[in-house]
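> The whole structure should be built from the sequences, with the hints applied where relevant.
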Amino acid sequence: MHAAPLATSWLGQLDARARLLAFVPALVLVNLVGRGELVPVALAATLFLGLALSCGHGALSVLSRGLFLLPFVLFVVVTLPFAAEGQALFALDLGPLHLAATREGLELAADAGLRGCASILAVLVLSGTTEPPRLFEGMASLGMPRAFVLVLSMVYRYLFEIAGELARVRRAALARAFRMTSVRAVPRLGTMAGAVLVRSVERSEQVNRAMRARGFDGEVRTMTRERFGPPEIAFLALFHGLLVVLLFGV
Amino acid sequence: MHRPIIETSDVCFAYHDGKPVLTGISLSILHEDSVGFIGPNGAGKSTLLMCFNGLLKPTSGTVRVDGLPVVEANLKEVRRKVGWMAQDSNDQLFMPTLFEDVAFGPLNLGLAREEVLSRVEDAFRQVGLSGFADRAPSHLSGGERKAAAIATVLSMRPEILLLDEPTNDLDHASRRALIDLLKRLPVTRVVASHDLEMILELCRRVILFDQGRIVAEGPTAEVLGNETLLRAHRLESPLSLALRR
Chain P
1 MHAAPLATSW
11 LGQLDARARL
21 LAFVPALVLV
31 NLVGRGELVP
41 VALAATLFLG
51 LALSCGHGAL
61 SVLSRGLFLL
71 PFVLFVVVTL
81 PFAAEGQALF
91 ALDLGPLHLA
101 ATREGLELAA
111 DAGLRGCASI
121 LAVLVLSGTT
131 EPPRLFEGMA
141 SLGMPRAFVL
151 VLSMVYRYLF
161 EIAGELARVR
171 RAALARAFRM
181 TSVRAVPRLG
191 TMAGAVLVRS
201 VERSEQVNRA
211 MRARGFDGEV
221 RTMTRERFGP
231 PEIAFLALFH
241 GLLVVLLFGV
Chain E
251 MHRPIIETSD
261 VCFAYHDGKP
271 VLTGISLSIL
281 HEDSVGFIGP
291 NGAGKSTLLM
301 CFNGLLKPTS
311 GTVRVDGLPV
321 VEANLKEVRR
331 KVGWMAQDSN
341 DQLFMPTLFE
351 DVAFGPLNLG
361 LAREEVLSRV
371 EDAFRQVGLS
381 GFADRAPSHL
391 SGGERKAAAI
401 ATVLSMRPEI
411 LLLDEPTNDL
421 DHASRRALID
431 LLKRLPVTRV
441 VASHDLEMIL
451 ELCRRVILFD
461 QGRIVAEGPT
471 AEVLGNETLL
481 RAHRLESPLS
491 LALRR
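Chains P and E are the protein sequences, given in the same order. Quick note on the working numbering: the first sequence kicks off at 1 and runs consecutively. Quick note on the working numbering: the second sequence kicks off at 251 and runs consecutively.
Hints are not guaranteed to be accurate.
Stated by the list, open to error - Residues from chain P that keep clear of chain E, each with C-beta distances beyond 10 Å, as calculated:
hint, residue
1, P25
2, R35
3, A91
4, G95
5, E104
6, P132
7, L197
8, F216
9, P230
Stated by the list, open to error - Partial chain P-side listing against chain E, Cβ under 8 Å, derived:
hint, residue
10, A42
11, R157
12, F160
13, R203
14, Q206
15, R209
16, R212
17, A213
18, G215
FYI, nobody ran anything at the bench for these hints, they're computed from the structure. Positions of the beta carbon are idealized from the N, C-alpha and C atoms, including for glycine.
Shown next, in the form of structure tokens:
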């Protein structure tokens, strides 16, 4: 359930708020750099990659998660050259479809692809070094609405329970010769999903009771065990200093 | 032991469909007593436990906890005194880590950070889960999950513990550990269960419910030894009692 292989690394040991304050603004900054500024964005991506690799064992497993997101970036990179107007470079004739790639389109594709990769790397380092519960704790103590953070925590907590529920319903159906692949199965699948939904509603009522029994009155109270000290301040100063220099050449 | 800590007078309750679940329940539970609620499915045991904590409001009649009427204005104090544990530990453990779950109640009581930390640590120690604070509920065994669920209630330092089917889904070793843990807790215990062996071991007194009414009450061994009475209400005498005869 806790999916942060780098949580015990030097970066993972820092207060979760320090990582949030580093990588969330970094995502914004990477996308604020002027269009066509490929080198600064590539340097920022290298910084994020370097940080991941400096965390040692587990870095590759974290980076490999990015492979699931790469197809989306690739789709944008492949289609953009044909979507922008400008100086034609080459053309593709696909039956009735005539597609012309332009220099402006190619530049746009490279720019979007690089920003996409840099953003994915930043998110991977943040999620790979921070267990979700610590992330939620950090978000709450940084002033994010507590009700929102509580809902997010509960979604995370029960996502696995609902997946387990679905698996049990599926197993029960398969045990009674139900074929998932048949077209006739579609209405039944709808009914099964409905059954899981009804069970989830019942569970939410029980959880609500358990919360009220422990004094919950609608106001969300949280407490953080994180400690924001000199190492966090030093990390943030170095990280943002370097990032600004790389991106804006200041 | 002689001071009543829970008192109900003519409590009736019906859910939205109007079907009566509890009818004319009047009882008294003494301070530091250990009482078992037994009866067939749908007898109203769990519903009555929820009325004690103010989770459900009786349609008529009154519930008092330590002399305090269980009404909206007193709910905070009532819930500080009365710890209720859900039947399914998954409903009780709703936060991503055990620490957050065990700290949830004390935070709602408005306690200071240091006091919350000390209570959380204490509760973990009492249930034998020291060092489990950062674990996720889904990473625990059934027995550990049940112990953690009890810790979420103990951190509120309740005077009364309401347990709904605490031994459900536990293997023998976990069930034994749970019974031993409950025996050690210096609080008033009200346990609703079908596990009559556990009731026999844990409770000094039992109340037998059927169709929302109290049909018998008395010392545990006496009620559980009455086979005719139990059979009439779809129950069976615990094997250990039958063997003793």
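> It remains to establish, for every hint, whether it holds in the given structure.
Evaluation of the provided hints:
no. : hint : verdict
1   : P25  : 25 Å, holds
2   : R35  : 40 Å, holds
3   : A91  : 53 Å, holds
4   : G95  : 52 Å, holds
5   : E104 : 47 Å, holds
6   : P132 : 6 Å, violated
7   : L197 : 17 Å, holds
8   : F216 : 6 Å, violated
9   : P230 : 22 Å, holds
10  : A42  : 36 Å, violated
11  : R157 : 5 Å, holds
12  : F160 : 6 Å, holds
13  : R203 : 6 Å, holds
14  : Q206 : 4 Å, holds
15  : R209 : 5 Å, holds
16  : R212 : 6 Å, holds
17  : A213 : 4 Å, holds
18  : G215 : 3 Å, holds
Of the hints listed earlier, those the structure fails to meet are numbers 6, 8, 10, in rising order.
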